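2 protein chains.
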Amino acid sequence: MKVVFIGSGNVATHMALALKEAGNAIVQVYSRTLENAKLLADRVGAEPVDNLKDLNRAADFYIFSVKDDVLPRIVTQMPSTTGIWAHTAGSVPVSVLSPHTKRGALYPLQTFSREREVDFQDIPLFIEGESGETATLLKELAEMISANVRFLSGDKRRILHLAAVFACNFANHMYTLASEIMSEEEIPFYLLNPLINETAAKVILMEPKAAQTGPAVRSDEKVMQKHLELLNDPLKREIYSLVSRSIHIVSGNR
Amino acid sequence: MKVVFIGSGNVATHMALALKEAGNAIVQVYSRTLENAKLLADRVGAEPVDNLKDLNRAADFYIFSVKDDVLPRIVTQMPSTTGIWAHTAGSVPVSVLSPHTKRGALYPLQTFSREREVDFQDIPLFIEGESGETATLLKELAEMISANVRFLSGDKRRILHLAAVFACNFANHMYTLASEIMSEEEIPFYLLNPLINETAAKVILMEPKAAQTGPAVRSDEKVMQKHLELLNDPLKREIYSLVSRSIHIVSGNR
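Chains as they are written, first to last, in this note's numbering: chain A, 12 to 265; chain B, 12 to 265.
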């Protein structure tokens, strides 16, 4: 398949590399800045472009992987093409790509960082298509890079994205706060590695609610009071109190 | 070694099983309720007791693994013994065990659930002893069950415990909130498994701050606004706003 990427960020980079690896031709990479387009284009043997007028009109797929709020403006500047347009955004309806009719979404449920390689085979990809035919073609493309492809409506996709913000972005921020607390006392963060791994591994096998441990779930007021006293950053104190309260409520110890 | 356990909860259970496995004799398990004492005692071939007066005085180690606020009361009821007393609490100074002189702490940095087996070899164990001799003896005991044993002062232990609350208890609660959001829409939680795994795996290799992704770190106000609208639970909305604000501040995009 011939694929054009609109955007050259982390999602575009990892997806383009996987599609290339699977035997597809990445014909172009567009970015507002040619330098960024070139960074990804060079890795996948594509032509870098910084003007949407220069887009190849004969590709099979145009994959939009840009910031959500940039997407509508880009769509208005798109030349007309016959290929399928699909974006990778969790919280954006596919209608953003109208009036192009062959439109859809190809949402990878994963956290991508430039420096970290990922195995696309394990990444759940969620497909939506304006028509059954478009959805099927997108699914076929997706199945070239992942063993974990599903159809999902836009309404459910945005719920999944919201849940992912909690399970990934917010969980990671909890690691960050832990890391800050430790570095102030010069305790190395890697000591938490087995704990972080086990916390994640547990919820593969049991409900996260049942996996909950710690002072908040066992209503250990004394420990929580000590912890609040140890935190000199008011924002960390606020997070500590609020999340502890939420744990308490969810566990039914209200 | 002859070991007595004071307490029969998750930490006591997993540690007693590991010590027994390593060839030690668990001579007694004390719990306020004989039934609970028996549950663990039966698994490790120990005598269950529900009265501290019945404690064997000839054990080498007495390991206190009870709720933090119960510990002081139990200590006042302890008979005098010649063996070492050690507690497993992150946030409690070893002075809670005075006037007994051979006192210390043996703190396992892990999350334990009754239903989930753990491999103690990988669990970091942190040792504190009132004297160098006590610390060394505790370290020897700890090294029978873990390849990851370190001395750590009580002051640093409580910081580590606080950090663990964020990295484990609070991260797990983020999984719980994600699970609630998904179950309302009948989206199965296991779809998040690869994401949760990758989020944890990333911070083994890179700083959590550098691993941060999502709308808050890229200041995607539009997505965050949509997410807040999707959340009908005020507590989840409050957590979403507060944690997003904290991510924003930590990432320096203020």
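Do not take every clue at face value.
What the hints assert, rightly or not - Cross-link-like lysine-lysine pairs, in silico, PhoX-like; alpha carbons within 25 Å at most:
hint	chain 1	residue 1	chain 2	residue 2
1	B	Lys-220	B	Lys-233
2	B	Lys-167	A	Lys-247
3	A	Lys-233	B	Lys-167
4	B	Lys-78	B	Lys-113
5	A	Lys-13	A	Lys-31
6	A	Lys-220	B	Lys-78
7	B	Lys-78	A	Lys-233
8	A	Lys-247	B	Lys-150
9	B	Lys-233	B	Lys-167
10	A	Lys-167	B	Lys-247
11	B	Lys-247	A	Lys-220
12	A	Lys-13	A	Lys-78
13	A	Lys-237	A	Lys-247
14	A	Lys-78	B	Lys-167
15	A	Lys-78	B	Lys-237
16	A	Lys-237	B	Lys-167
17	A	Lys-247	B	Lys-247
18	B	Lys-233	A	Lys-78
19	A	Lys-167	B	Lys-233
20	A	Lys-167	B	Lys-237
21	A	Lys-150	A	Lys-113
22	A	Lys-237	B	Lys-13
23	B	Lys-13	B	Lys-150
If you are wondering where the hints come from, they were derived from the structure by calculation, not from laboratory data.
All of these numbers come straight from a predicted model, not from anything done at the bench.
Hints and how they fare:
no.	hint	in the structure
1	B:Lys-220 - B:Lys-233	23 Å, holds
2	B:Lys-167 - A:Lys-247	18 Å, holds
3	A:Lys-233 - B:Lys-167	18 Å, holds
4	B:Lys-78 - B:Lys-113	21 Å, holds
5	A:Lys-13 - A:Lys-31	10 Å, holds
6	A:Lys-220 - B:Lys-78	20 Å, holds
7	B:Lys-78 - A:Lys-233	10 Å, holds
8	A:Lys-247 - B:Lys-150	34 Å, violated
9	B:Lys-233 - B:Lys-167	41 Å, violated
10	A:Lys-167 - B:Lys-247	18 Å, holds
11	B:Lys-247 - A:Lys-220	15 Å, holds
12	A:Lys-13 - A:Lys-78	23 Å, holds
13	A:Lys-237 - A:Lys-247	14 Å, holds
14	A:Lys-78 - B:Lys-167	42 Å, violated
15	A:Lys-78 - B:Lys-237	14 Å, holds
16	A:Lys-237 - B:Lys-167	14 Å, holds
17	A:Lys-247 - B:Lys-247	17 Å, holds
18	B:Lys-233 - A:Lys-78	10 Å, holds
19	A:Lys-167 - B:Lys-233	18 Å, holds
20	A:Lys-167 - B:Lys-237	14 Å, holds
21	A:Lys-150 - A:Lys-113	14 Å, holds
22	A:Lys-237 - B:Lys-13	34 Å, violated
23	B:Lys-13 - B:Lys-150	15 Å, holds
Going down the numbered hints, you'll see the structure goes against 8, 9, 14 and 22, while the others check out.
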